[in-house]
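Student: The primary structure of each chain is shown beneath.
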Amino acid sequence: MKTRIAAALLLLLIVGAAFAVWLSPVDYAFQDRDSIMGPSTARHWTGTDDLGRDRTIRLAAALLIGLAGSTIAAGITTMIAGAFGLAAAFSSRAVAGILMLLSDAFLSVPWLFLLMMARSLLPLTASPLQTAVTTFLVLAVLGWPACSRAIYRGASQLRSAEWMIQGRASGLKPMQLIRTHLLPHLHPLFLPQFLICVPAFLMAEANLGALGLGVGEPMPSWGGMLMELGNSALLARSNWVYLPIALLVLVLLLLETFAPESETNA
Amino acid sequence: MLLAAAGTILLVRFAPGFFSDDREMDSKYGLAARSEIQAENDRQRSISMIAVSELKGWLRGDFGESRQYHVPVAELIGPRIAISASLLVRGILLGWMLAICAAVPISALRKNQALWGSPFTLLLAIPAAAMATACILADAGGPVLALSLLIAAREFKFLRSLLEGAWRSSHLLHGRARGLSPRSLLFFHIVPNVAPQLLALTTLSIVTALGALVPIEVIFTVPGLGQLAWSAVMNRDLPVMVAISLLMAFAVGCAGMISARTATLEEA
Chain V
455 MKTRIAAALL
465 LLLIVGAAFA
475 VWLSPVDYAF
485 QDRDSIMGPS
495 TARHWTGTDD
505 LGRDRTIRLA
515 AALLIGLAGS
525 TIAAGITTMI
535 AGAFGLAAAF
545 SSRAVAGILM
555 LLSDAFLSVP
565 WLFLLMMARS
575 LLPLTASPLQ
585 TAVTTFLVLA
595 VLGWPACSRA
605 IYRGASQLRS
615 AEWMIQGRAS
625 GLKPMQLIRT
635 HLLPHLHPLF
645 LPQFLICVPA
655 FLMAEANLGA
665 LGLGVGEPMP
675 SWGGMLMELG
685 NSALLARSNW
695 VYLPIALLVL
705 VLLLLETFAP
715 ESETNA
Chain C
115 MLLAAAGTIL
125 LVRFAPGFFS
135 DDREMDSKYG
145 LAARSEIQAE
155 NDRQRSISMI
165 AVSELKGWLR
175 GDFGESRQYH
185 VPVAELIGPR
195 IAISASLLVR
205 GILLGWMLAI
215 CAAVPISALR
225 KNQALWGSPF
235 TLLLAIPAAA
245 MATACILADA
255 GGPVLALSLL
265 IAAREFKFLR
275 SLLEGAWRSS
285 HLLHGRARGL
295 SPRSLLFFHI
305 VPNVAPQLLA
315 LTTLSIVTAL
325 GALVPIEVIF
335 TVPGLGQLAW
345 SAVMNRDLPV
355 MVAISLLMAF
365 AVGCAGMISA
375 RTATLEEA
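Quick mapping for you: the protein sequence lines, in order, are chains V and C. The first sequence runs 455 to 720 under my numbering. The second sequence runs 115 to 382 under my numbering.
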């Protein structure tokens, strides 16, 4: 019931944001120079930022970009983690040891620090779209180690399951075993990791953006919008500046309801 | 640690602009000097050369010179370790205190657990940078509070589920039936049973705190390792970045080893 309400609210937010972006006569980068740091008006429902850009449109676009980017990145991470975890679980102990050592090496450096480092070392001259793609790609590429550990543990149990032993004993080839017996059992292993990664990536993007290492301007992002909170002139003029953080917390809370309770490892 | 260092060197080696040297654009250097600088940079292009020279330096206790500040990295890092360590220790201790104070009574509740735990759920959904900014805007609390709230939110979630399981275990039911007080149940039956998991959680706390250190120190302008790391990352300062990633890997590795060792002793 809780997850259904969360899903409905999230869907409502996404549809609302999509309509806001679609129906808007101007795009998110349009600057209304007559309304710099403007209050809420009929033209700009939630006011404008320090460059005169409509906050509603930017917020709606940030929500769509953030959710789309995080979801795709979480999908890629789950696939990488799945490949590593399964390879480790179904190979010799030496290979499993090497693969898990690699995962431990990634885990030994705090994630945000690693992300920050990797993100900063990418090309200096990049378009906003390229920075967005790069940011989420970096998240996807660096997010796998914690997930791969969980998948490895689950897959190791599957490997020694009775039905697997029976399958091997009845002469099934490895590919047959994987296709007909293993793959249907992987769904409960992969889905929780994916669901954990989506809010984790959204939060990581917000943190990276707030440090100036996220999606480049003028493309809107949660991190970029959080930076507005550091503008005291803007804060003194309008309370709508707090809207992005409020909406981000709401979206993260909604996403957290899908994540399994005991497996927050991303 | 070696893998972390190798990864950092590899990343930095292929970073755009790594071989650019601001001296090449300085008019006080003549053509010959500039060619010499370029030749020196060319000699250092291979990954193995960079790795070997870095390794030799570390063995001598020399972490190189900061490209950004032109001072030895050890001099930059030394005073900042104390600042960051103090922030980490205070933040983790306060965070754990908050988490324990909330998790113990809430886990013992039979209903409305989610309602009482909702402040922590809310805190869990706030990014570190936003938490730090909120503390500054509210003019309430400093970096320690921001860090401790992040730690408390994360640890509360684990602690609550850990303690909830412990409260419902059969030996606890037996103890309750015998009329043992909640205090003796907690200290003599629950704590000894969950101690190994708590130690593992401490390691996780250190990793979480180290990750949150960067946005918190940058936003509160605390002159610690997190701020230095951010500055090094923004300015592509290889020696500082490698030294800090080694330090981070060392801290996490030590914490992991201590918790594993203590857990082994506990089990023995």
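Honestly, I wouldn't trust all of these hints.
[Stated by the list, open to error] Simulated pairs of lysine-lysine, DSSO-like, Cα-Cα distance not exceeding 27 Å:
#1 C:Lys225 to V:Lys456
#2 C:Lys225 to C:Lys271
#3 C:Lys271 to V:Lys456
No lab work stands behind these hints, which were simulated from the structure alone.
Student: Hint by hint, work out which the structure violates, then give me just those numbers in ascending order.
Tutor: none
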